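Same order as they appear, the protein sequences are chains A and B. Residues in the first sequence are numbered from 52 upward in steps of one, following the numbering used here. Residues in the second sequence are numbered from 2 upward in steps of one, following the numbering used here.
Please keep in mind that the hints were generated in silico from the structure rather than gathered at the bench. Source: prediction; values computed, not measured.
Here are the computed lysine-lysine pairs in the DSBU-like style, where the Cα-Cα straight-line distance is at most 35 Å:
1) B:Lys231 x A:Lys192
2) A:Lys192 x A:Lys270
3) B:Lys67 x A:Lys198
4) B:Lys140 x A:Lys198
5) A:Lys192 x B:Lys119
6) A:Lys197 x B:Lys115
7) B:Lys18 x A:Lys179
8) A:Lys179 x B:Lys8
9) B:Lys194 x B:Lys246
10) B:Lys67 x B:Lys231
11) B:Lys67 x A:Lys197
12) A:Lys197 x B:Lys147
13) A:Lys179 x B:Lys231
14) A:Lys192 x B:Lys8
15) B:Lys115 x A:Lys198
16) A:Lys197 x B:Lys146
17) A:Lys198 x B:Lys64
18) B:Lys200 x B:Lys231
19) A:Lys179 x B:Lys194
20) A:Lys270 x B:Lys147
21) B:Lys140 x A:Lys179
22) B:Lys223 x A:Lys179
23) A:Lys179 x B:Lys64
24) B:Lys140 x A:Lys192
25) A:Lys198 x B:Lys147
26) A:Lys192 x B:Lys115
27) A:Lys270 x B:Lys115
28) B:Lys115 x A:Lys179
29) B:Lys119 x A:Lys197
30) B:Lys115 x B:Lys147
31) B:Lys146 x A:Lys270
32) A:Lys179 x A:Lys197
33) A:Lys198 x B:Lys119
34) A:Lys192 x B:Lys147
35) B:Lys146 x A:Lys179
36) B:Lys119 x A:Lys179
37) A:Lys192 x B:Lys200
38) B:Lys202 x A:Lys179
39) B:Lys67 x B:Lys140
Each chain is listed here by its residues.
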Amino acid sequence: MEEFGQVTLKLLGGFSSSVFLFVLTLLLSLPLGLLMSFGTMSRFLPLRYLSRAIVMVLRGTPLLLQIFVIFYVPGLLWGFQWPSLSTGNAYFDTTFSNRFFACLAAFSVNYAAYFSEIFRGGIQSIPKGQYEAGEVLGMSKGDIFKKVILLQMVKRVIPPLGNEVVTLVKDTALANAIAVTELMFQAQQLLNAGLIYPIFYAGAFYFLFNALVSFALRKTEERLAYIAV
Amino acid sequence: MPYLEVKNIQKSFDGEKILDDVSFSLEEGETLAIIGRSGCGKTTLLRCLNYLESIDTGEVYLKGEKILDASYSKKRKKEDSFRRHFGLVFQSFNLFPQYTAKENILLPLSLQRKYRQKSGIMVDENSNLDEVVLGLLAKVGLEEKKDLYPSQLSGGQQQRVAIARAMALSPDVLCFDEPTSALDPELTGEVLKVIRELKEKTRLSMILVTHEMAFAHDVSDKILFMKGGKAIELGAPEEVFASKKEETIAFLSGYRHSNPSE
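Could you put the whole structure together from the sequences, leaning on the hints where they help?
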């Protein structure tokens with residue numbers, strides 16, 4: 052029983068890293084994705100083609116490869132070191148290592164690319180009449196987007212966005228590849244020490260967390276049900 | 002000097018002439034009905050007046066002041082953003098689905114106030130926008146529906162909210178683009194009734210693109226019949242309906258037998 056308690060604590064520690072990675076990635080990639088979607092729809096052609104090229108590369112190569120590139124290549128080329136937290140607090144300093152931040156960067160740009168395509172689809176699916184109504188009512192372009200289009204777009208993109216968000220929960224396990232101390236990292240350490248069950252136990256963490264995420268997504272969808280689009 | 006004067010408007014899309022030298026004028030408080038087959042350019046004409054399309058040649062004057070010509074650019078539009086000369090009621094309502102009836106009307110009003118304040122234009126802080134909105138909803142008979150979302154309203158009610166919204170910024174001329182074409186026949190009556198009441202109770206100048214011939218005949222002061230982008234006939238309803246012109250007779254005869262009265 053004592054061992055189970057220790058395993059649980061270790062996995063919880065790893066899980067908290069995974070959750071940090073998940074939440075911070077969402078916070079960064081959602082706005083970045085929206086910006087990228089504007090880029091891919093821009094009327095300024097160089098920006099449009101550049102944005103599309105970036106999206107193609109980010110979607111067209113493995114996330115794992117992108118993690119390696121972002122973590123190792125800047126150091127090899129320019130001697131750049133990813134920063135890390137040094138608060139003196141052991142938990143924070145191991146969790147928010149330079150590896151963590153490299154991973155966060157890789158996840159954020161990769162997911163932003165996927166999100167940008169979802170946002171683009173969402174924005175382009177809003178009928179032209181909504182823009183025209185705003186125009187005729189003297190609204191500025193920015194206000195038409197913020198006050199009229201955005202929420203309708205959000206409603207439309209929640210189901211495809213939800214798919215990506217659920218995938219992200221599981222993709223945080225890829226951070227293990229550069230030894231970020233997340234959930235899979237901890238489970239693997241226990242496995243190396245001869246304990247098999249923590250790997251299944253870790254699976255339950257992901258599963259339950261995703262159940263929670265799915266529930267939240269469904270609730271959000273229900274809350275927006277009054278918008279008929 | 003007429004209240005609204007539209008002079009020699011031309012508009013082509015991909016080399017095809019959609020508006021071919023269209024001119025008309027309107028006195029304050031008058032209603033002009035524009036009739037003609039689908040594709041005759043009547044909707045494009047309304048879209049041009051509402052700055053949704055540019056024009057190739059021609060001019061539009063309101064109270065003697067030029068408000069639209071071919072040089073009218075997006076840049077100039079920005080400067081003019083709080084001078085809405087026209088209001089437009091769309092065929093497909095285009096209400097904002099995430100806002101209640103009241104909020105749909107309030108949004109342009111509050112934004113307009115914001116823009117004015119930003120540009121240093123004096124704003125009457127005491128004027129209560131909520132009251133303005135309720136007044137507008139009362140004009141279309143929908144005060145009690147103020148807190149419902151568009152999805153909770155019938156098509157006819159949605160269009161009535163859209164009419165109230167189009168009046169929110171007190172346009173000089175209110176335009177209707179086939180306001181009942183997207184409605185089930187049993188719902189057209191309530192919308193036509195609202196338009197008729199506006200005509201009778203206010204001094205609003207209106208341009209009405211419609212397929213409702215009986216209604217156009219009853220409610221308008223002038224009728225413009227268009228065909229192939231050209232203004233074929235312009236005159237009082239009795240004149241146009243009694244016209245001897247071949248094209249007008251051919252067009253109207255299509256309606257005589259199935260007179261779509263409201």
